[in-house]
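**Student:** Protein chains in written order, with the UniProt record's numbering: chain S, 1 to 355; chain Y, 1 to 230.
These aren't lab readings, by the way, just hints derived from the structure by calculation.
Worth double-checking, as some hints may not be accurate.
Claimed, not checked - Computed from the model, here is a short list of chain S residues facing chain Y with C-beta under 8 Å:
(1) L130
(2) V133
(3) S134
(4) F135
Stated by the list, open to error - A few chain Y residues that face chain S, going by a derived Cβ cut-off under 10 Å, partial list only:
(5) G153
(6) Y181
(7) L183
(8) L184
(9) L185
(10) L188
(11) P190
(12) F198
(13) A201
(14) L202
Stated by the list, open to error - Have a look at the derived ranges for each label pair, beta carbon to beta carbon:
(15) Y319(S) / D180(Y): 34 to 44 Å
(16) I206(Y) / R74(S): 27 to 37 Å
(17) L176(Y) / L336(S): 38 to 48 Å
(18) A89(Y) / Y319(S): 55 to 65 Å
(19) I183(S) / P182(Y): 47 to 57 Å
In this text, all values refer to a predicted model and were calculated from it rather than measured experimentally.
Where is the CB? At the ideal position from N, CA and C, for every residue including glycine.
If you want the building blocks of each chain, they are given just below.
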Amino acid sequence: MSFRIAAAPHGHSQRRTSDMMRWVCYALIPGVLVQSYFFGAGVWMQIMLAIITAYVTESLCLVARNRDARSGLRDNTALVTAVLLAISIPTLAPWWIIVLGTAFAIVVVKHIYGGMGQNLFNPAMAGYVLLLVSFPVQMTNWLPPTTISQYDLTLWQTLHTILFEYTPAGYSVEQLRTTIDGITMATPLDTVKTALDQSYTLSEIYQRPQFSVLAGVGWQWVNLAFLLGGFILLQQRIISWHIPGGLLAGLLVPALLAHLFAPSIMPGPIFHALSGATMLGAFFIATDPVSAATSNKGRFIFGLMIGLLVWVIRSWGGYPDAVAFAVLLANLSVPLIDQYTRPKVYGHQSGGQNG
Amino acid sequence: MNEYKQLTRQGLWENNPALVQLLGLCPLLAVTASVTNALGLGLATLFVLIGSNITVSLVRQWVPQEIRIPVFVMVIATFVTIIQLLMNAYVFELYQSLGIFIPLIVTNCAIIGRAEAYASKNSVQKAAFDGLAMGVGFALVLAVLGAMREIIGNGTLFDGAELLLGDWAAQLRLELFQVDYPLLLAILPPGAFIGMGFIIALKNLIDAKLEAKAEKAEKSVTRARVTAES
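Make a model of the complete structure from these sequences and hints.
**Tutor:** Pasting the structure below:
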């Protein structure tokens, strides 16, 4: 039986979940390309591992729950979860990190709650938080961008490091991160946080080799590429502007005010916008249709809340970046947001209970 | 005798304070990072529960209805103080690792709940047995959750049992597998919530299976009768 859409005022895009999720993957391509240019081909290997794990666990879960495994796999949601998680973790993290994280995301966060469309939390970010909380060392081992790193890893060396935690020559990831001066190179957000604690000013910190004109070397281009991918999604109407707009407003407006108030210790909006997972979070992670708020107003508030939380945690929290924590906290408040942002029904005075 | 069987069933399974009533979750979630800690707190709670049930049952004729709750709280606080001093004297290291959660047994709703719901209405014998059944039910859940979290997070079982049971228990320590990087989440509070969710889900699953089985058995019995009559 087919329910065709009848005459006019109905708009219908005829797009299925699987098409939308495929578009999300296409839009991720520019970001992943730039990321693999700056952080090595390990990104692709992590993505492959994540996809394999996601499909194996997803089909096992579907079979265990007596669901049709084929149609379940075809909706591509597991694919998007896997790719997002794989992009978020350090390029040279050992293989069991991504396998464990993806399996947790699919089995516990998605299927225990009832599968596709039922999960309370964003699966990729819940998996990420599991990994970050459990394995802080492996999850913060970001390599310096290849342009300023003293080591240049071949494909085989990268694969060897992911599988055995050492390069064929016996270097650990920790050693690969050290520069020629013997100083370990941290991510820009991490550097800013630690150096500010040591009473350096921002203008001094920006002199260090991992900073460039706008933000961190490499990271700024990764973020700009994800921003481009975000525009593709907006143009294709896969997502609306409310969540990314709210998120960026919630992050950048306080950042701007704080920067004007204390320019030497509060990083400005451009640094925040182009560091860490800001753009990936704004356009790809927070816009997950299942765990986000429902109405447009609600979505804007949802995004605003994530942005504000990211700024607060980056500025005063214990972790350098905070997209995952912020998204999970906002996921928790979605029922409340939905309760208070019910749209007005046509002809009624006001929405919600008063109507 | 049937009453006692019923009490055992209620305490250990059907009305288990941790799994069904969901009382006393704060200590349950906070101290179950290892079996030793879990058992320590479980036994302490068991002792307090039996003691307070007996005392409340003894004084039930003389306590006016209006002030019963303050009286119960005083009785429970007395027993908690006793167990706290005893643990401080005999199992000092365990006392230190449990910390604030020993005095917090006072606020465990499972204890005041039993005092109010059962002990204040029944004879001393029955109240004591109810305390035992409920306490054992609570301690068992604590131990299972503690074992789960210790195995997943650390790969060991009964680590530090000598703190609770004396020096001979050091041999109880089992090293199930060696981990270079422990799964910290299982040891941290979120692991307790997730683990507790899984245990409750497992209990509900078993209940549903049992119910389905019982229904089936009942049906076949009626059919047999019908054939016999006709």
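**Student:** Hint says 55 to 65 Å; check whether the CB-CB distance for A89(Y) and Y319(S) agrees.
**Tutor:** 43 Å, violated
**Student:** With a cut-off of 10 Å, does the beta carbon of A201(Y) approach a beta carbon of chain S closely enough for the hint to hold?
**Tutor:** At 8 Å from the nearest chain S Cβ, A201(Y) passes the 10 Å test, so the hint holds.
**Student:** When the nearest CB of chain Y is found for V133(S), is that gap smaller than 8 Å?
**Tutor:** 5 Å, holds
**Student:** For the restraint on Y181(Y), tell me whether the closest CB of chain S is nearer than 10 Å.
**Tutor:** 6 Å, holds
**Student:** Would the stated hint for L184(Y) survive a check requiring a Cβ distance to chain S of less than 10 Å?
**Tutor:** For L184(Y), the interface hint holds, since the closest Cβ of chain S sits about 4 Å away, which is under 10 Å.
**Student:** Would the hint on L188(Y) stand, with a C-beta cut-off of 10 Å toward chain S?
**Tutor:** With a minimum Cβ separation of about 6 Å from chain S (threshold 10 Å), the hint on L188(Y) holds.
**Student:** Given L130(S) was flagged as interface, is its beta-carbon under 8 Å from a beta-carbon of chain Y?
**Tutor:** With a minimum Cβ separation of about 5 Å from chain Y (threshold 8 Å), the hint on L130(S) holds.
**Student:** Holds or violated: F135(S) as interface residue toward chain Y, Cβ cutoff 8 Å?
**Tutor:** 6 Å, holds
**Student:** Under 10 Å, Cβ to Cβ, is where P190(Y) needs to be relative to chain S, so tell me if that hint holds or is violated.
**Tutor:** 7 Å, holds
**Student:** Would the stated hint for L185(Y) survive a check requiring a Cβ distance to chain S of less than 10 Å?
**Tutor:** Nearest chain S Cβ about 4 Å off; hint holds.
**Student:** Hey, does the L202(Y) contact hint survive, CB to chain S under 10 Å?
**Tutor:** Hint on L202(Y): violated, closest Cβ of chain S at ~12 Å, above 10 Å.
**Student:** Between I183(S) and P182(Y), does the C-beta distance stay in 47 to 57 Å?
**Tutor:** 29 Å, violated
In terms of the numbered hints stated before, the structure departs from hints 14, 15, 18 and 19, listed from lowest to highest.
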